[in-house]
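Asker: With these hints in hand, go ahead and build the complete structure from the sequences.
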Amino acid sequence: MSLRLARRIGDRTAFLDPAADVLQAAAKSLPKPLRNVLDGVWLGAPLHPALTDVPLGSWTAAFVFDAVGSDAADAALGVGILGAVPAALTGMNDWSHLRGDAKRIGTLHALLNTTGLALNVASLVARRRGRRDLGRALSSVAYGGALVSAHLGGLMSFGLGVRVNRTAFESPEREWRPVVAEDELQGQELKRVEVDGEPALVTRDGDGEICAIAALCTHLGGPLDEGERDGDVVTCPWHGSKFDLCTGEVVAGPAVFPQPVYESRVRDGRIELRPLQNT
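Heads up: the sequence shown is residues 2 to 280, going by the numbering used here.
Rather than coming from a laboratory, the hints here were simulated on the basis of the structure.
Here are the simulated lysine-lysine pairs, DSBU-like style, with alpha carbons at most 30 Å apart:
no., residue 1, residue 2
1, Lys33, Lys243
2, Lys192, Lys33
3, Lys29, Lys243
Label pairs and their computed distance ranges (CB to CB):
no., residue 1, residue 2, range
4, Gly162, Leu24, 21 to 29 Å
5, Lys29, Ala119, 20 to 28 Å
6, Lys29, Gly162, 18 to 26 Å
The C-beta atom is built at its ideal place from N, Cα and C for all residues, glycine as well.
Answerer: Given below as C-alpha cells:
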C-alpha cells in the first residue's frame, strides 16, 4: 500500500474524528510521569516500536506453528496477546499528539490492532475449548490484519515522520557563524537565529552565559523559540516537551531525543555559533 492510498483510506474515516478526539484527550489526561514512561524518555528512544516486535513476532510464530500442526501455536498466541497490551498503551500515547493524515492513518492502525487482539483472544478461547479449526481461522484473519497494520505503522514513521527525530538531518558545517549582535540578546530572551540555514535558539542561562540549541523540537518540529521558559528549561509550545537550554537534554517528554547543541563565543560584538562535534 502506498502512502497516497493510505491517505485516501484515512480520509474515508473522517467520521471517526470526534471519537478519536475524545480518546486523544483521555490519553493526554494521564499523569505526566506515566506519559514519560510510555514515551520512552527513560530509554532515550521511542518505546512503542520496540514493544510491537513482541506481539507481531509471537503471532508470526503462532501462524507458522499452526501451519505445521503444532500445539505450540497456543503458547505463542498467548505471549502475543500479553505483549499487545503495553504495545497498545504506548501506541495510543504516541497517537494522542497526531493531527491530519497521521492521526487518521493512526486511527486505522489502532482499529486493525484492536480487532486483531480481540480475534486472537477469541482464537485462544476456542482452542482451549477444543475447537482448534475455528481457533486457527480466527488467528489467521487476525494475523493478516496485523501485517496490514504493521505496514501502516511503517508508513507513518517513514512516510510521515511520526516519532522521527526532527533534527536528525541537520548537518551544518563545524565553522563559526555570526548570528546576532551581542547587545540584541537581552535578559532571558529566546531568540531564533539561523546557522547555515538551520534554525537555532540562542539565549542566556541564569548566570548570563550564552547557550544555544536547535530551535525545532526533536519530537514533531515545534518552534522552541515560541515556548515558555522556566529557569534554564524551555517547554515546546506544541506538545509540552521540555529541554535544558544549555545541554539540550530532555527534561520531559513526549520528546525522547535531545536537542542538538551549539558552542558559542563573542567576536567583535557579535555572537557566533557552531555545532558541537558530537551533534
